[in-house]
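Asker: Given next are the chains, with one letter for each unit.
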Amino acid sequence: DAGITQSPRHKVTETGTPVTLRCHQTENHRYMYWYRQDPGHGLRLIHYSYGVKDTDKGEVSDGYSVSRSKTEDFLLTLESATSSQTSVYFCAISGRDGETQYFGPGTRLLVL
Amino acid sequence: GQSLEQPSEVTAVEGAIVQINCTYQTSGFYGLSWYQQHDGGAPTFLSYNALDGLEETGRFSSFLSRSDSYGYLLLQELQMKDSASYFCAVLPLSGTYKYIFGTGTRLKVLA
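In order, the protein sequences belong to chains A and B. So for the first sequence, our numbering puts the first residue at 1; every next one is plus one. So for the second sequence, our numbering puts the first residue at 1; every next one is plus one.
Calculated from the structure, these hints are not laboratory results. By construction, the Cβ of each residue, glycine as well, lies at the ideal position given by its N, Cα and C atoms. Check the hints yourself; a few may be wrong.
Under the rule of at most 25 Å between Cα atoms (straight-line distance), these lysine-lysine pairs were calculated in the PhoX-like manner [claimed, not checked]: (1) Lys53(A) to Lys98(B); (2) Lys81(B) to Lys70(A); (3) Lys11(A) to Lys57(A).
Computed spacing ranges between beta-carbons, pair by pair [what the hints assert, rightly or not]: (4) Gly53(B) to Glu79(A): 31 to 39 Å; (5) Thr26(B) to Tyr50(A): 14 to 22 Å; (6) Thr86(A) to His38(B): 15 to 23 Å; (7) Ala111(B) to Val52(A): 48 to 56 Å; (8) Ser84(A) to Ser3(B): 39 to 47 Å; (9) Asp73(A) to Ala16(B): 41 to 49 Å; (10) Lys11(A) to Ile17(B): 37 to 45 Å; (11) Leu54(B) to Thr15(A): 47 to 55 Å.
Starting from the given sequences, assemble the full structure and let the hints guide the process.
Answerer: Written out as structure tokens, the structure is:
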């Protein structure tokens, strides 16, 4: 299994508060991703990174920001959480062949 | 636009064979991947087709036909533990490194 962890695994927060989710990998992969998964929508890309300090937006990036200061860490920040951001968040890294992805265990976020 | 379509749900009995289809509209991609996701879990990589044809991994096989814009995942000797959601995915040749995922198929295996 790819060495990829996420923290926290569960979080409950209130509307309007900032939230940061962390993804950590031990595989030294260049590409890292943040997805959200909601019933009826499958996996939707929020942001991804193609290197340290190099990031790009996905299809549902509004209300989210990311940072990658080290190869192994990719942070997702909800600047001011809203109830619509209640979801399960998955981090992923690309495999060594660059054509498959390996997912972290996920973070369940509830915004009240 | 680029999209991958899958049936929303498939039901089969234990011991049977089931095929989950993935049809796509995309200009070009590296290969077709399949992922399994159990309820409450994370997607896990199952199979990858870089070239047309059949790839076999134990009870699971995956097929790709670029000329027909079509692929499928074949699960043999179904077991209860195969009840899960299955996603196909591609990495377009666009150079952005953004994967496209299918809509997902929920497989129910009945005893």
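Asker: Next step is simple, just say for each hint if it's right about the structure.
Answerer: Now for the hints, and whether the structure bears them out:
1. Taking the CA atoms of Lys53(A) and Lys98(B), the gap is near 17 Å; set against the 25 Å cutoff, the hint holds.
2. Note on Lys81(B) and Lys70(A): the hinted pairing is violated, with a Cα-Cα distance of about 38 Å set against a maximum of 25 Å.
3. With a C-alpha separation of about 24 Å, the suggested pair Lys11(A) and Lys57(A) falls inside the 25 Å cut-off, and the hint holds.
4. With their beta carbons about 47 Å apart, Gly53(B) and Glu79(A) fall outside the hinted range of 31 to 39 Å.
5. Remark: the range hint 14 to 22 Å for Thr26(B) to Tyr50(A) is upheld by a beta-carbon distance near 20 Å.
6. At roughly 21 Å, the beta carbons of Thr86(A) and His38(B) sit within the given window of 15 to 23 Å.
7. Checked against the hint of 48 to 56 Å, the pair Ala111(B) and Val52(A) passes, with Cβ atoms roughly 51 Å apart.
8. In this structure the hint that Ser84(A) and Ser3(B) lie 39 to 47 Å apart at CB is violated, the actual value being about 23 Å.
9. The hint said 41 to 49 Å for the Cβ distance between Asp73(A) and Ala16(B), and at roughly 45 Å that hint holds.
10. At roughly 42 Å, the beta-carbon separation of Lys11(A) and Ile17(B) lies within the given 37 to 45 Å, and the hint holds.
11. Distance hint check for Leu54(B) and Thr15(A): the Cβ-Cβ separation is about 50 Å, which falls inside the suggested range of 47 to 55 Å.
In summary, the numbered hints that this structure violates are 2, 4 and 8.
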